[in-house]
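Colleague: The lines below spell out each chain.
4 protein chains.
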Amino acid sequence: MSESKGRVLLAYSGGLDTSCILAWLIEQGYEVIAFMADVGQEEDFEAARKKALAVGAKKFFLEDLKREFVTELIYPALQANCIYENVYLLGTSLARPIIARGMMSVAEREGCDFVSHGCTGKGNDQVRFELAFYGLKPDIKVIAPWRIPAEFYHRFAGRQALLAYAAEKKIPVQQTAAKPWSTDENLFHISYEAGILEDPDTTPPADMWKLTTDPEQAPETPQRISIEFAAGLPVKVTVPDENKVYTDGVEIFLALNALARKHGIGRIDIVENRFIGVKSRGCYESPGATILRAAHVDLEGLTLDRNVRSLRDQFVTIELSRILYNGHWFTPEREFVVSSIPASQKTVNGVVRLKLYKGNVIIEGRSSDEGLYDEKESSMDELGGFEPTDTTGFIAIESIRIKKWAQANIRKGRVTV
Amino acid sequence: MSESKGRVLLAYSGGLDTSCILAWLIEQGYEVIAFMADVGQEEDFEAARKKALAVGAKKFFLEDLKREFVTELIYPALQANCIYENVYLLGTSLARPIIARGMMSVAEREGCDFVSHGCTGKGNDQVRFELAFYGLKPDIKVIAPWRIPAEFYHRFAGRQALLAYAAEKKIPVQQTAAKPWSTDENLFHISYEAGILEDPDTTPPADMWKLTTDPEQAPETPQRISIEFAAGLPVKVTVPDENKVYTDGVEIFLALNALARKHGIGRIDIVENRFIGVKSRGCYESPGATILRAAHVDLEGLTLDRNVRSLRDQFVTIELSRILYNGHWFTPEREFVVSSIPASQKTVNGVVRLKLYKGNVIIEGRSSDEGLYDEKESSMDELGGFEPTDTTGFIAIESIRIKKWAQANIRKGRVTV
Amino acid sequence: MSESKGRVLLAYSGGLDTSCILAWLIEQGYEVIAFMADVGQEEDFEAARKKALAVGAKKFFLEDLKREFVTELIYPALQANCIYENVYLLGTSLARPIIARGMMSVAEREGCDFVSHGCTGKGNDQVRFELAFYGLKPDIKVIAPWRIPAEFYHRFAGRQALLAYAAEKKIPVQQTAAKPWSTDENLFHISYEAGILEDPDTTPPADMWKLTTDPEQAPETPQRISIEFAAGLPVKVTVPDENKVYTDGVEIFLALNALARKHGIGRIDIVENRFIGVKSRGCYESPGATILRAAHVDLEGLTLDRNVRSLRDQFVTIELSRILYNGHWFTPEREFVVSSIPASQKTVNGVVRLKLYKGNVIIEGRSSDEGLYDEKESSMDELGGFEPTDTTGFIAIESIRIKKWAQANIRKGRVTV
Amino acid sequence: MSESKGRVLLAYSGGLDTSCILAWLIEQGYEVIAFMADVGQEEDFEAARKKALAVGAKKFFLEDLKREFVTELIYPALQANCIYENVYLLGTSLARPIIARGMMSVAEREGCDFVSHGCTGKGNDQVRFELAFYGLKPDIKVIAPWRIPAEFYHRFAGRQALLAYAAEKKIPVQQTAAKPWSTDENLFHISYEAGILEDPDTTPPADMWKLTTDPEQAPETPQRISIEFAAGLPVKVTVPDENKVYTDGVEIFLALNALARKHGIGRIDIVENRFIGVKSRGCYESPGATILRAAHVDLEGLTLDRNVRSLRDQFVTIELSRILYNGHWFTPEREFVVSSIPASQKTVNGVVRLKLYKGNVIIEGRSSDEGLYDEKESSMDELGGFEPTDTTGFIAIESIRIKKWAQANIRKGRVTV
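Residue numbers (numbering that gives the first Met the number 0), protein chains in the order written: chain A, 0 to 416; chain B, 0 to 416; chain C, 0 to 416; chain D, 0 to 416.
Among the hints, a few may not be true.
Since copy identity is lost for identical chains, a pair holds within one copy or between any two.
To be verified - Subject to a maximum C-alpha distance of 30 Å in a straight line, what follows is the list of computed DSSO-like cross-link-like pairs (lysine-lysine):
| no. | residue 1 | residue 2 |
| --- | --- | --- |
| 1 | K411 | K235 |
| 2 | K209 | K354 |
| 3 | K4 | K375 |
| 4 | K209 | K49 |
| 5 | K168 | K4 |
| 6 | K57 | K354 |
Source of the hints: derived by calculation from the structure; they are not laboratory data.
Here chain A stands alone, though its shape is the one from the complex:
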């Protein structure tokens, strides 16, 4: 009997693809351990466990990573107002480092030299997973079947070939018709892409959206809540009309998810630029995160120094969003950029009051004891803080270089429009 080629930890989903990959890896002579991460997706983990073992996995690990997902990835991204290409809140990107770290931890413990996944060869996730693996365990070897032409990619071109292989390997296949798009779900969001969505001019069907109520079907009556932040992190959510208060980090996030889902908040539909340079159409629902981001951005208006905000927006927000999207979490540049977040959030303390209504997150007020906002100082009606003549001096100084340039334009006959 031939010896094993080695032990592989497989990122297992319970679906057709990774079940076939599991069987195929065994066929190729590997010993396979199946891995699942619970990052809040709706999933029958027990069924998946049984299936993996039935197909031939030596072991099955289910890791509950929800809390670290919220506290170690989602909250720093929130503190930095992360957003990709103006609209995407990075829900899939945020989960990948957590899952990859969970896998490397099991791979280490179980002595796996290899790791495998079912990502296709065109997407972002293969890159995000593999770069995260290498950043944590640079000697790990990756088996990406969908990028192995002869043995896998061409052999299993098309769903029929996979189904035939599943039948051959006695892999149970769900009878439900596949949806004409694919999804990725976790407690932060769900994504929809591929299939009928590949035509960017096709409006997503109403029944595609899974996490949020259609704004048109959302309640006619607005609901008011307040969120308290400490150092830029949500520490208390109050929902007066439900008589509820949440203070635990994970519970806060889940409560905001529930509220946002009810009010149809957090849907987007975009064409984005994948890391590999291909444009791709994606639809996303990020309910709770949409509320949290709006509230955090608003509170920063009241409590964050102008120059810190401006530098943070131009560097941390943009760069950390790119780092997340491109799967560069376990890199020195992530450590570098993230290290500046605490200093930017010291003063971001206070409460934001919000109204939720049919897709809208409406800010109704905010307060803080930081004192960076000073009613008297900003008031047009009274003096406070500085003299009007100070502004005359300020403008005089600010105009020095502008006047010089304007004089040069006039002398040189250069026209300013």
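Since chain A is already given, all that's left is putting chains B, C and D on it; use the hints.
Modeller: Just chains B, C and D now, with coordinates in the frame of chain A:
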């Protein structure tokens, strides 16, 4: 009889403040010409003209600057997706350079050595106006009464003193009670600040909002429109259910304003950082601009190269927004930044389909013949453009430096979290 | 007789590698046209022509690209003060787009479907060439023998295998011993890398440096020159002690090269980060460019507005340098970034006086009629331009937000160090 | 007898200006305490003490701030490669926060409500000092006599008026003729500005330069040294030919100063942009800092990840340099930016070997045990780390978006140059 101290061009609004300033300037020995710009605000210009002449203005000029406001300021800002501190679309900032240029043109023609305005000593507008004046006409002299302590500021402290002076000078005063906030309006937006809004935790009263329907009162039925862009500029707006098509730049903007107003689109409420470093609370309605920005950002997803978008976002969007906010339009840095816009918009051609509903601008689809998006290439279901093994190479190369860093961490015992 | 697989345009150098590639391509069934670019390197082009034809090339093209190299690549990079990782002036990077464009033009004319080159699989040049090819002619097919494992890479592993193949194919081989490093030369610079230089702690041997005199051997007597710029470009170089004046763009560059070489100016020795993420040690001599950059940077001090300079430094200089280094010249981001250069150089007019001495470029003075510098205004000894009280106002306004922050620190007990 | 107006802490230099200010403050009714900081300048502190007390100061404080100047300001700036407008190493800027903090500490201890200085109304130092005061002690009141028109500025216009006042107040005046420029000196550098230097085309006279040997007079024989860095900070300087090793932070800096001075290293002559927008000509000698910066930049090539370097250059280097120059050290943005430095310097460990020769700092080699540089991987001569086919994949992926753009250009007839 004493000689005139010189000729002043006064930015006149028809209100109490600038009418008193008009009278006061005459009292100080100046000859005053009143100037009004029509930038789309709701205003009785004829009444203002009569009042100015009645108070003693030698001449009155009303300049219709709406078209240049839209085409020379609003549209470049739109092409660059300008936004200040994540939320403010810069409606007041955009109008100032146009008004200032109109004034300098009249000042030149009428031989005015001085220019005057009614801006307070704490706001942004004094800075925006004066820096614009100096950038166009560096030898102009500015009289800013609200920053002249003895002769004006202290003399007219409080509204009563102004009313008394108005009575003395026979300046007609509107009997309507002053609103407990102040506003600035033009065809792009209206702003509300000061008064009761100075407490950032006070929710603006429902009857404050003037330009847009309350989302809760907006139509129950969504409305669909499409906007066609050429080189990043809107060139056609189609409103099927009204059987309307708009192709003129100004008409497009006004039509979008009407649609957005109806559907409660474009309200914001923020605490922002003024140029002088004071935090200030402002509420704004920017109806049409909110739709246009959403559509433009979306079309860029489909048609703009990833790297151009990213560089443009990090530099042009942020810097031009700051330039606009701080009143630095007539400066070399504005010329520099704006000169890069056309190259960024070459490929931004196509159509965006939108649904307007109770405060929401929902993208329903977009199309373009630019071809930067390629269904086959992004499809997970078929090959196209590149081989899956290419991505293996890409990831291998991308991981080189990450592995080196991870190996150093391991060797040096540095922990990566 | 078998049909040709197609026509290949080969970037030919006359050396062993590309001669063997030429023979090998013919052996593989291609028809080969040899291409050489004269970008100012020291080379026996006629010998190369004979050799290429002797080995079997159907045709040989030598394109003189020196002028466009200087005017279309070097000068924009100079205007933008391009520099990679603080020290490298990008000499090789600058030549690549020019050569690639020359090749695509010949490929188009001669109906070549393929293009080939002798770059190794680890360097920057393969990337720079190929991305430039694709940016100009996206349907071109590239044959990169050093990245074809079975047929080429493994077959010709090591110099002996190549020499044997050369002997077999009757390719004449130069008897001179190969230097223990490799070089790339053009009129801008020469680079040295690989071989003994791969140990970054090995000091380059004195006889390696080819273009410049060792500073220790350079003249004891300094030499003074002046450079006049118009819109940021050098338009006149005056060398008083040689009684010489240069006004032609190419001649100016060559004259500065000669001066810098004599005075030992422009050597660097660095470890840089290649585009593929590998660190690499390189030594470079960029004589004339070093003088020009120092003079241009200095003149910008006198003539460029502060804010334009700052934005240009942070945006154009850094991004264009990266674009050049990574071979992204024929991309939309290059068009975007370069489009902003003219607006940044309008006022960069004037003369810089320099002293050249043993490796040093010493600025001795500069002048301009732009007037952005104003002796009176900057003088500590006299008034001019603004009142001292204006600065009091400026500081008062600048301190508003700082005081607020300091007060919050005190109130909250946060320590500032 | 009238009561004191309060207690003033005066930044005293021992010179004519601040001695007159001292007398004038007393004349105005203040009680004055004189403060001097020893930041390494050449100065007769004892004579200054006697003079201050003779003129009427109640107390005199001399604070030795050299160590904190080096470790708290100079070294972070070195780690971040700070440089202003490409050339200026910020010597004056770096000392200001240290001096201001020393003053605020004495002001607190001695119960001074006021602080005063002799800075003119046109320079950077007034801004730097005052913003630093406010950032530390927001309720401090500043008396800046050179910005008080009636009582001081106009009264003492011109040196004669000051001399007369000195005579009247029996202030001893040095008989030595004033130099035709002014200087600011500390252990980092000396600056020269004003006077004959105000003409930017005037070459500074040879006898102006005080800290460094003229390169033309520097030794004919080069000297070799090595600098070891740990986490980006110099921890050991070895001078073999002097048989010297330095390991203390301050001693390292002073030793490098001595070496650089001897070899004529660190002179610059520039026109810079002051914070107030005025252009100003300055000459500087920053001997040791010039060596240290060159060595640090070089070592980062070997030891710092490419992406960290690039982000740090674009963000920290540029922003911290501006923060320093503009006197924004005690601000939230400085805390924010500086907080990211440690993460950027973790791997900057190793040794740089240098040759010093007539104004040149020549890198001769560098080494590190970090391992981010890998000879095998970068070698053109052998495989290592990745396969040549990986690069083929990398280029294929990198070219995806470029080809799309090029195809669009061709289809649309847009010309790429």
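Colleague: Quick one: K4 to K375, C-alpha cut-off 30 Å, is that within a copy, between copies, both, or neither?
Modeller: Answer is between: at 28 Å across copies they meet the 30 Å cutoff, but 74 Å inside does not.
Colleague: Can you give me the call for K209 and K354, within, between, both or neither, at a CA distance of at most 30 Å?
Modeller: both (23 Å within a copy, 20 Å between copies)
Colleague: Within a copy, between copies, both or neither: which one fits K209 and K49 at a CA-CA cutoff of 30 Å?
Modeller: within (27 Å within a copy, 62 Å between copies)
Colleague: Between the shortest in-copy and the shortest cross-copy C-alpha distance, which are at most 30 Å for K411 and K235: within, between, both, or neither?
Modeller: Classified as between: cross-chain Cα gap 21 Å, same-chain 62 Å, threshold 30 Å.
Colleague: With 30 Å as the alpha-carbon cut-off, assign the pair K57 and K354 to within, between, both or neither.
Modeller: neither (51 Å within a copy, 52 Å between copies)
Colleague: Given a CA cutoff of 30 Å, do K168 and K4 count as a within-copy pair, a between-copy pair, both, or neither?
Modeller: Classified as within: same-chain Cα gap 20 Å, cross-chain 44 Å, threshold 30 Å.
Figure legend: structure checked against the earlier numbered hints; the only hint not met is number 6.
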